[in-house]
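Visitor: Listed below are the residues making up each chain.
There are 2 protein chains.
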Amino acid sequence: MGYAIVPLERLTEQLERLPGIGRKSAARLAFHLLYMPEEQARAFTQAIVDARENIHECPTCCNLTDAAQCPVCEDPRRDRTVICVVEDPQDVLAIERTREYRGLYHVLHGTISPMDGRGPEALRVKELLHRLEDESVTEVIMATNPTVEGDYTAMYLSRLLKPLNIKVTRLAYGIPVGGDLEYADEVTLSRSLEGRSEL
Amino acid sequence: MGYAIVPLERLTEQLERLPGIGRKSAARLAFHLLYMPEEQARAFTQAIVDARENIHECPTCCNLTDAAQCPVCEDPRRDRTVICVVEDPQDVLAIERTREYRGLYHVLHGTISPMDGRGPEALRVKELLHRLEDESVTEVIMATNPTVEGDYTAMYLSRLLKPLNIKVTRLAYGIPVGGDLEYADEVTLSRSLEGRSEL
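Quick mapping for you: the protein sequence lines, in order, are chains A and B.
If you count the first sequence from 1, position 55 lands on 55 in my numbering, and the numbers rise without skipping.
If you count the second sequence from 1, position 195 lands on 195 in my numbering, and the numbers rise without skipping.
Think of the hints as simulated: they come from the structure by calculation, not from any bench.
Glycine is no exception: its CB is placed at the ideal position from the N, C-alpha and C atoms.
Accuracy of the hints is not assured; some may be wrong.
Residues from chain A that face chain B, not an exhaustive set, calculated with beta carbons under 7 Å [stated by the list, open to error]:
| # | residue |
| --- | --- |
| 1 | 6 |
| 2 | 14 |
| 3 | 47 |
Go ahead and model the full structure; you've got the sequences and the hints to work with.
Guide: Right, dumping it as structure tokens:
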């Protein structure tokens with residue numbers, strides 16, 4: 001078509017690069033952004049700029065924060081003897097939603113993936129070891145994702161922590177609550193059998 | 001939860017306002033925009049600003065363009081005796097994709113909707129009448145959407161154009177090509193019967 005409106009095409013292309021946005025959604029979003037009231041459009045772009053400028057990693061746990069320390073690290077009510085190691089900041093939010101966990105976190109910002117040439121130096125491993133020099137930590141919970149890379153990362157870290165005499169645990173594998181046995185994959189189901197507990 | 005990262009929350013809220021973006025997608029997009037390389041983030045926000053600054057309505061047909069005149073109005077090969085009236089710029093793109101239509105367009109930028117208190121003065125009706133003062137136009141095709149508002153708008157305009165002695169036509173209603181009769185709704189099917197043609 002020879003009739004493309006270049007700045008609109010360019011905006012659509014930018015939107016199409018976002019995860020989960022196809023060509024049609026991108027076009028719809030482009031028109032939406034175009035027709036937005038000026039004030040709203042400014043708030044939108046400003047929110048992107050603000051988030052990028054003000055959010056950084058907590059110097060202790062490497063979670064994202066806009067403060068000097070993240071609120072979890074700063075909260076005096078949190079149990080400082082346990083650290084839960086996760087891949088991403090999103091995982092912290094997921095665990096916080098359970099309202100069950102009262103310890104601290106450590107965010108790795110990814111996984112070790114030899115296949116992709118991503119070694120431990122790409123993660124916040126050094127920062128974790130540094131925290132463990134403080135003798136008050138008695139347990140590290142590995143809460144990486146139940147994927148090949150997540151498991152590999154958890155194994156790597158647990159071996160690294162063994163000599164420090166800290167208890168290293170892992171989240172339980174099993175069938176999801178409310179799920180149907182029939183639909184559980186074999187690996188999950190066999191892990192669920194292995195990890196069975198007495199009633 | 002007392003642990004929200006305010007600038008990230010604000011960005012998520014902005015993204016959630018976009019059409020078709022739910023809470024979970026918004027959160028995922030927010031992290032994506034946060035982790036984007038600086039250059040890419042700048043290109044993204046700049047595309048929004050550029051589109052909003054450079055795109056305006058064609059002074060003739062009211063379609064969107066970043067040029068003095070839109071490319072359709074400017075194209076000497078287009079048939080200047082026919083004007084196809086559509087609701088939105090997206091509709092122009094849809095019709096252009098058929099590669100069937102060689103006439104001009106007129107973009108109303110909406111529909112008349114007495115229910116929402118939106119009268120003809122909110123649309124580019126004046127601009128359409130102004131164009132029809134030029135005697136070269138012999139046919140106006142109403143290509144508003146097959147909705148209550150679209151139909152109402154087409155009816156309103158056709159009555160307005162009657163005294164000008166210009167042929168006013170409407171897009172055919174009927175079953176979609178490749179569709180299944182079984183799944184066609186009754187209104188479409190009865191319109192399709194009404195509009196039947198000889199084989």
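Visitor: Indicate, hint by hint, whether the structure satisfies it.
Guide: Verification of the supplied hints:
1. 6: Given a least distance of 6 Å, the restraint on residue 6 of chain A holds.
2. 14: holds (4 Å)
3. 47: holds (4 Å)
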